[in-house]
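Sequences listed follow chains A and B, in order. Each residue of the first sequence is one higher than the one before, counting from 1 in full-length UniProt numbering. Each residue of the second sequence is one higher than the one before, counting from 1 in full-length UniProt numbering.
Worth flagging that the hints you see were computed from the coordinates, not collected in a lab. Computed from a prediction, not measured in an experiment: that's the story for all the values here. The reader is advised that the hints may include incorrect statements.
[What the hints assert, rightly or not] From the derived model, a few chain A residues whose C-beta atoms are all more than 12 Å from chain B: (1) Gly14; (2) Val39; (3) Val49; (4) Ser111; (5) Asp114; (6) Glu149; (7) Leu155; (8) Thr167; (9) Ser171.
[Claimed, not checked] So the derived label-pair ranges between C-beta atoms look like this: (10) A:Met47 - B:Thr77: 38 to 48 Å; (11) A:Val175 - B:Thr77: 39 to 49 Å; (12) B:Gln119 - A:Pro78: 29 to 39 Å; (13) B:Leu3 - A:Pro174: 34 to 44 Å; (14) B:Leu3 - A:Glu12: 39 to 49 Å; (15) A:Val175 - B:Leu3: 44 to 54 Å; (16) A:Arg157 - B:Thr77: 51 to 61 Å; (17) B:Pro168 - A:Gly107: 16 to 26 Å; (18) A:Glu192 - B:Gln14: 51 to 61 Å; (19) A:Asp132 - B:Thr77: 51 to 61 Å; (20) A:Gln44 - B:Gly226: 52 to 62 Å.
Where a beta carbon is used, it is the ideal one built from N, C-alpha and C, also for glycine.
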Amino acid sequence: MYEGVVQDLIDELGRLPGVGPKSAQRIAFHILQAEPVDVRRLAQALMEVKAKVRFCATCGNVAQEEQCNICRDTRRDPSVICVVEEPKDVVAIERTREFRGRYHVLGGAISPIDGVGPDDLRIRELLARLADGSVTELILATDPNLEGEATATYLARMIKPMGLKVTRLASGLPVGGDLEYADEVTLGRAFEGRRLLDV
Amino acid sequence: MSLFRDDGIVLRTQKLGEADRIITLLTRGHGRVRAVARGVRRTKSKFGARLEPFSHVDVQFFSKGSELVGRGLPLCTQSETIAPYGGGIVTDYARYTAGTAMLETAERFTDHEGEPAVQQYLLLVGALRTLARGEHAPTLVLDAFLLRSLAVNGYAPTFGDCAKCGMPGPNRFFSVGSGGSVCVDCRVPGSVVPSPQALELLGALLTGDWGTADAAEPRYVREGSGLVSAYLHWHLERGLRSLRYVEK
Numbered sequence: 001m002y003e004g005v006v007q008d009l010i011d012e013l014g015r016l017p018g019v020g021p022k023s024a025q026r027i028a029f030h031i032l033q034a035e036p037v038d039v040r041r042l043a044q045a046l047m048e049v050k051a052k053v054r055f056c057a058t059c060g061n062v063a064q065e066e067q068c069n070i071c072r073d074t075r076r077d078p079s080v081i082c083v084v085e086e087p088k089d090v091v092a093i094e095r096t097r098e099f100r101g102r103y104h105v106l107g108g109a110i111s112p113i114d115g116v117g118p119d120d121l122r123i124r125e126l127l128a129r130l131a132d133g134s135v136t137e138l139i140l141a142t143d144p145n146l147e148g149e150a151t152a153t154y155l156a157r158m159i160k161p162m163g164l165k166v167t168r169l170a171s172g173l174p175v176g177g178d179l180e181y182a183d184e185v186t187l188g189r190a191f192e193g194r195r196l197l198d199v
Numbered sequence: 001m002s003l004f005r006d007d008g009i010v011l012r013t014q015k016l017g018e019a020d021r022i023i024t025l026l027t028r029g030h031g032r033v034r035a036v037a038r039g040v041r042r043t044k045s046k047f048g049a050r051l052e053p054f055s056h057v058d059v060q061f062f063s064k065g066s067e068l069v070g071r072g073l074p075l076c077t078q079s080e081t082i083a084p085y086g087g088g089i090v091t092d093y094a095r096y097t098a099g100t101a102m103l104e105t106a107e108r109f110t111d112h113e114g115e116p117a118v119q120q121y122l123l124l125v126g127a128l129r130t131l132a133r134g135e136h137a138p139t140l141v142l143d144a145f146l147l148r149s150l151a152v153n154g155y156a157p158t159f160g161d162c163a164k165c166g167m168p169g170p171n172r173f174f175s176v177g178s179g180g181s182v183c184v185d186c187r188v189p190g191s192v193v194p195s196p197q198a199l200e201l202l203g204a205l206l207t208g209d210w211g212t213a214d215a216a217e218p219r220y221v222r223e224g225s226g227l228v229s230a231y232l233h234w235h236l237e238r239g240l241r242s243l244r245y246v247e248k
């Protein structure tokens, strides 16, 4: 046990995800030895992120204003919406530079065993966005695991009758891997979604 | 330090750290087992989709102790798919919600880790296979599974003879606390009077008479489901989270 404030800092750091008691101690001593200006910058960043960041009123992504940068960008195609589970997924898709439409963040996936049902996600907000008829395609980009698939099935069943084009991200073999290590489900999916080679 | 091999159904997965998961399985030989699958959330993981809920898999575990369960969580080192039931279940939302309730029930009935529960295991494998094939309505498969799970764990309800005095059925009253159908003399306050068709349906589900069960009218199926969930809640003492999401 250290004295007073040092121990308080170690305890607070130890509450962060993935930080154990030893790592917390190491970070605390790093902070103690750092220049005051660096520490102040860190403290300010922590305070600002809590004060300024909120969730976009339209898509649910993290934002600094009423709407996020993507929803405010008029160059983006408003007729295509990509549905994802978390704000982290928006960043992952943005890195590909393949998608020029808008997003909708659900805030999780349907998982009854964990007590998460359709009403706990931002599905009502999604339906409200689709109501005015300007959206023509909905891309379901929930995680390719069981809960993500179930959420996609639920959304597709609900939205298809509205006459929209509903698509699901392809799943199959990862680029750069060996075929023999692929599991049966993934390999089966890759077969299902095979495409014609235009050579 | 020892290696164990067993086959089982994946009941639940929980995120652990950066890219790992804790997998809860109901195995044939060791009952409920929790194990760590390292790196399973990475896209290039060697496990791929094998350790998703509903998967029937053959798994090799590495345990620090001489027993599989006891000294910390064992590691999942290899896995092979026996049957990927998830594929047939997740494409239909009603099947998914019914299947999830089955997994949670199986988990709740196997409280003690490492204690074999072969009958519960075989029941779950059979129920998931039926559910994935879509041969019967998902709610019927779920109710049949719940009734039979209660039966193999020693809580079999009666739907004909009186549960208290054994008076031959059919009996009009049904009491959750008394163990099923009860006669006029044995009925307790709070007993309900279900329709004879609903009781007949539940009896058919318990014994596996699918001809009668499939022909049942939707209102009797709903009534029967209500009785089953009340009976299950009474015996589990704590409600199942996933049961209220089941599409009826």
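The hints, checked one at a time:
no.	hint	result
1	Gly14	holds (15 Å)
2	Val39	holds (27 Å)
3	Val49	holds (21 Å)
4	Ser111	violated (8 Å)
5	Asp114	violated (7 Å)
6	Glu149	violated (4 Å)
7	Leu155	violated (10 Å)
8	Thr167	holds (16 Å)
9	Ser171	violated (9 Å)
10	A:Met47 - B:Thr77: 38 to 48 Å	holds (45 Å)
11	A:Val175 - B:Thr77: 39 to 49 Å	violated (26 Å)
12	B:Gln119 - A:Pro78: 29 to 39 Å	violated (56 Å)
13	B:Leu3 - A:Pro174: 34 to 44 Å	violated (28 Å)
14	B:Leu3 - A:Glu12: 39 to 49 Å	holds (41 Å)
15	A:Val175 - B:Leu3: 44 to 54 Å	violated (33 Å)
16	A:Arg157 - B:Thr77: 51 to 61 Å	violated (39 Å)
17	B:Pro168 - A:Gly107: 16 to 26 Å	violated (56 Å)
18	A:Glu192 - B:Gln14: 51 to 61 Å	violated (29 Å)
19	A:Asp132 - B:Thr77: 51 to 61 Å	holds (53 Å)
20	A:Gln44 - B:Gly226: 52 to 62 Å	holds (57 Å)
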